[in-house]
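Sequences are here, hints too, so could you generate the full structure?
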Amino acid sequence: MLSMSTNNSSYNDQGGADSAVEIGQETTPTSNSGAGFGLFSTDFKKNDDLKEMLENNKESLKLEAMKRIVGLIAKGKNASELFPAVVKNVASKNIELKKLVYVYLVRYAEEQQDLALLSISTFQRALKDPNQLIRASALRVLSSIRVPIIIPIMMLAIKEAASDMSPYVRKTSAHAIQKLYSLDPDQKEHLIEVIEKLLKDKSTLVAGSVVMAFEEVCPERIDLIHKNYRKLCNLLVDVEEWGQVVIISMLTRYARTQFTSPWREDGVFDENSERAFYESDEEKTRDDTEIKPYTMDPDHRLLLRNTKPLLQSRNTAVVMSVAQLYWHLAPRNEVSIVTKSLVRLLRSHREVQYIVLQNIATMSIQRKGMFEPYMKSFYVRSTDATHIKSLKLEILTNLANEANISTILREFQTYVKSQDKQFAAGTIQAIGRCATNISEVTDTCLNGLVLLLSNRDETVVAESVVVIKKLLQAQPSQHSDIIKHMAKLLDNITVSMARASILWLIGEYCERVPKIAPDVLRKMAKSFTSEEDIVKLQTVNLAAKLYLTNSKQTKLLTQYILNLGKYDQNYDIRDRTRFIRQLIVPNEKSGALSKYARRILLAPKPAPVLESAYKDRDRYQLGTLSHTINTKASGYLELSDWPAVAPDQSVRNVEVIEPVRIHPSICTALFHFCPDSSQSSEESEKSSSQSEKSSSESDIEQKKKKKMKKPPQKKNVKPPNKDRYQSVMCKPNSWVGPGFGACVCVCDFSSCRMNLLRPHLFSRRLSVVISCVSGPAFVPEKSHNLLHRMTGKGLAAQYQFTRQPCLYQPNMVSVQISLTNTSDHRLEQIHIGERSPAGLKIHCFNTIEFLEPDASVTVSMGIDFNDSTQAANFQLCTKEDQFSVSIQPAVGDLFLAVTMTEQDFRKEQGKLQGMNECSATITVTAENTSSQPLNRRVAAMANVGVVPSGQDNVHRFAGKTACSGAVLLVTVELRESSAAVITINTEKSVMGSMLLRDLKKSLAQA
Amino acid sequence: MIHSLFLVNSSGDIFLEKHWKSVVSRSVCDYFFEAQERASEPENVPPVIPTPHHYLISVLRHRIYFVAVIQSEVPPLFVIEFLHRVVDTFQDYFGVCTEAAIKDNVVVVYELLEEMLDNGFPLATESNILKELIKPPTILRTVVNTITGSTNVGEQLPTGQLSVVPWRRTGVKYTNNEAYFDVVEEIDAIIDKSGSTITAEIQGVIDACVKLTGMPDLTLSFMNPRLLDDVSFHPCVRFKRWEAERILSFIPPDGNFRLLSYHVSSQNLVAIPVYVKHNITFREGSSQGRFELTLGPKQTMGKGVEAVLVNSQLPRGVLNTNLNPSQGTYTFDPVTKLLTWDVGKINPQKLPSLKGSMSLQAGASKPDENPTINIQFKIQQSALSGLKVNRLDMYGEKYKPFKGIKYMTKAGKFQVRT
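Chains as they are written, first to last, in the UniProt record's numbering: chain A, 1 to 1006; chain B, 1 to 418.
Keep in mind the hints are simulated off the structure, nothing from the lab. By construction, the Cβ of each residue, glycine as well, lies at the ideal position given by its N, Cα and C atoms. Treat the hints with care, since some could be wrong.
[Stated by the list, open to error] Below, simulated BS3-like cross-link-like pairs (lysine-lysine); rule was C-alpha separation at most 30 Å, straight line:
(1) B/Lys21 / A/Lys200
(2) A/Lys340 / B/Lys406
(3) B/Lys406 / A/Lys88
[To be verified] Label-pair ranges, simulated between beta-carbon atoms:
(4) B/Asn390 / A/Ala644: 35 to 43 Å
(5) A/Pro219 / B/Gly12: 37 to 45 Å
(6) B/Thr98 / A/Gln113: 34 to 42 Å
(7) A/Asp129 / B/Ala35: 41 to 49 Å
(8) A/Gln113 / B/Ala35: 32 to 40 Å
(9) A/Ser868 / B/Ser22: 50 to 58 Å
Written as structure tokens, this is what we have:
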């Protein structure tokens, strides 16, 4: 690729070429854009006309140009000189054009850093776009531009996006973390903060990506996982498949550091775990009650149980990762449940087979039993690729035992005859291994191998001789017959390697075949001159050994051979001859060494060990790249050994936050709701895009002003300007049991403005967002009349504030409405009609098709009261009639309870002094002086959460306003003689004083 | 994770490259080409190749190598699975996945790859989501786009991306609501010389084509679910329900998808639907060999065996063949030594046979091994394992869909050793 300097010069050239545009014009865009790039001159001209097209006003021409440029990039051609022309289009309205420009930017920004900066402001603007897709893609591109100057901007954008309302944007921010980290590792500390925050995210969409970021940035910070461990285990089945792989491999590592080994005392544990596995519901209690030498940590069991269904995944990577998890974490007797699934993967593509077979090969060394029933699945087919064949062979060899060896050997016989000679040679080695491992068949194997010595193929024979040599070396005493047989074969075998091996064997064990060995030497002496070099060397070797053991018979032969060797054409042989002669024939010069000749030449040699190439592979985690290539890949994270003593288990405990209770009717309503919601959101989208179109194309300036006109937002969430929401869907009877929210609520918020100038404000917002919304402490039973049955012509309606965070949009207050038909005919199409004030944002319930007489239905809706007690007026319509109704909230219903520590409370209170504080002294009734009734009364009045307090006489409550999220802090301090001081701190001073008035009344009441 | 992707054609040219992080020079592929040269067959290129600074993980499909460049530890199957998913997506979009198709649609390919990976980590691989983001090219749409200037790129985040049912788009509407299920079973077998079965197993899939309006919730039950030994599901299937009741309950994706793949183990007796009589001999010293092959049906439950195709890799010593088929056509490629016999349908009254002689290289010794015979066939309207769908019900929508179920048996890797 071009360096910076050349780029700059090419950019200058481009400037000069501007004047030559006319010349370039002749090559008008032709349809065969792909052709003719070979010649530099045409290339140059083409680029010129591309530049012109990009500067044209017509969208279609620009798009055409960008398409051709992307074609160039795809081919690996350099298109960097067009950078200035392309970057201008980054703010284009045409989404396809914009995307292609993004592609270009990401590719070349690193090379043209200065020019790339021109585009940054566009992305910063897009980061605040109401459309989550646009926000996300802006963040994607911004973080993909590898320009160090913008690191602070990226950092801010990531932090902001991490608290975005859209899980999709949060997911993107998790990806951006890794990008920023690779660009500037110094940002690690800040990034870890973001990771920590995102790890807490409950969305399945985010989980995989943030764990990926965790693995990349701070895999050593295992402490960040503790609190999220159970959540991750529970979410796992619903995470997208790629995330599953990453999470499982991370959890494997985690579990190895946190739990004790389940592998001790296998036998004792056997029965218990077997049952626990199938009756998983009761298993926890069992684990607690049974006193066994080893009890599995319930969290350990949780992981095993929740990953098991994933063995049925269609994604082979997921299946493999579960298999390795079981291999590394499960008690020995449970590992075998992964077998079936692994064998299933063998039906998949060739590459998948290759990896899976490798892992099975490693597993089958340690646990034959696991795969033995599936032995036939590893039979080789003639159509398999060579590396697949040899892996299958490896596994079959590993699986061989006394019971199945005859079947396997019969199968091997077929393989030996294979046309693929490399494979046939591999089979012979495998036979050799079987022979050493299973002593019963050693003789059979040897005989079989001896037969193969007459094979016509050189590789087969050579391999057989080598394997026989190895086998005999291990137990030579019993096999002088075979050595004799091989000596006889020497006349027929032509393959030099085999001949050499036989000669070596005879030489090595010449004392066991004292009659034959000299005869062989005689024959070899006769044919010495016509032998291959390797055979000659072994002949010299044989001669020397015989000279030492049987010099009477062989002295002359040896001298003859040494003489022949002395004048051989090959210097290796001449050299060897000279060396041997000096060593064995005693003369006055050689003195010392020849005494030891026998010990040198006939030293006992260790037998080669025939073992699997996969024997040591298990030092790497299964399923990893390192395991595949059998070396440590960069970035490989070691799997630690089990700790002897389990670390504190309680670190994984999470304070239980009551799951949001969803009324069944809401659930179904939501479920049927989806199509409508997307329609309505489309509509709102249309209207907004129309308004955008009405303003002329170039008035970005004006748009800027429009944004400026909006009152500066102080809170972390500003009221959405469009009624936009995404549908919520549930997967009823999902894979996971109860315990975590089956509904994921997705809301699209226009995010707040990124304020570079006021970082302290930014950080404060963060702190507020972190404090999570909890379930209400108290839900008032009281319901209010919405529509009386008389005025409603039979339709009666009542409403009630559920005080739950609204599902549809967090800034709405959720209201539950029960509709009853008191008339004698069915009412049809009950829905919400016009509303006032006009800007009132209501999330309507789904139209109720009909309501039978005397039937009633409860539906839920969301109303954005915009933090005021102004009533929401709307029309409740049936098919025939319309009734104006209004919902009047009490000020206390506009809050959401928040959990907070006392410390945080004090901190927040410190920020909300002066104007934001109002207080009053009242006389409380006697019964309200103790904490419980007092807490209840306050909670009944306003939806606030109790803050644990260190003092007996001070009670604290925290909440936030539903719409703007402003913090509300209530302190009730009990003094002597039933006096109490109520203090309320909030930015919304009007609401504060209203609430104060209500509380005063409530607490003073008997 | 995945750093870059190179597409290499069979002649060893890189015709497309895409980088998700910094640009990796295409010279890194030289290591791949080296391995390619060493391998005798295209299939023998090792899927994982370590190089000094990178690791190359490749898959071969449709005679194109998809070479991914990796820089650090990542599960190799993760990459392999993803690459296959890319190929599947291309096939889905362009009908075929050839070099020409990719080159013609290079912009769509780039847009797809951009959406599928972010920073090397898979972002959207579900075809329903991708199709909402980037519409597949059709002739009609191309024409419309040129006239109206509209684009192929969606402006909204696909609803599936955020929902718990990411595989299904919302707002699906059809005038004809139909759901088709194909039960396709493949029999893998190795038959030895004497005609006895060495190993046989059945692998089945249920492929579905569901075109239903709205959010239908389907349940599919079998007459004999016990047959299924090992199953893997599309993510839409509710696992709990299957565990408890052996019923497939799911909200289907829109369009074509693979609902289920299953395995009927070799422990169960598998009926082999065809038999082969063969007599292939080479005589020592003679330059002629005899070749005789007869096929016949066996245990086909009265259904006809169709689309029979026999091929065999003859030994290297065979120069040419002079064979006479009783039906169908046969070809022999003297270069690759591949014999192919397109039989067609087996008529039980008159069994198809292929007889004749082979001429061998003069002077060469007799081949050690007789060739293996690979057979392909199809049997319509029958699933070999006997699996039967009991019923299909739909909940959640009011209309009455048209339902159809088809069974078929095919030969998978069906080999006869001679």
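Outcome of the hint check:
A distance of roughly 28 Å separates the Cα atoms of B/Lys21 and A/Lys200; the hinted pair therefore holds under the 30 Å criterion. Annotation: proposed proximity of A/Lys340 to B/Lys406 holds, straight-line Cα distance about 27 Å (limit 30 Å). Distance restraint check for B/Lys406 and A/Lys88: the Cα-Cα separation of roughly 56 Å exceeds the 30 Å cut-off, and the hinted pair is therefore not satisfied. Against the hinted window of 35 to 43 Å, the Cβ-Cβ separation of B/Asn390 and A/Ala644 comes to about 54 Å, which falls outside the hint.
For the pair A/Pro219 and B/Gly12, the beta carbons lie near 38 Å from each other, so the given range of 37 to 45 Å is met. Judged by the Cβ atoms, the range 34 to 42 Å given for B/Thr98 and A/Gln113 holds: they are separated by roughly 39 Å. Range check, A/Asp129 to B/Ala35: about 47 Å between beta-carbon atoms, so the 41 to 49 Å window is met. In this structure the hint that A/Gln113 and B/Ala35 lie 32 to 40 Å apart at CB holds, the actual value being about 37 Å.
Distance hint for A/Ser868 and B/Ser22: a CB-CB separation of about 53 Å, consistent with the stated range 50 to 58 Å.
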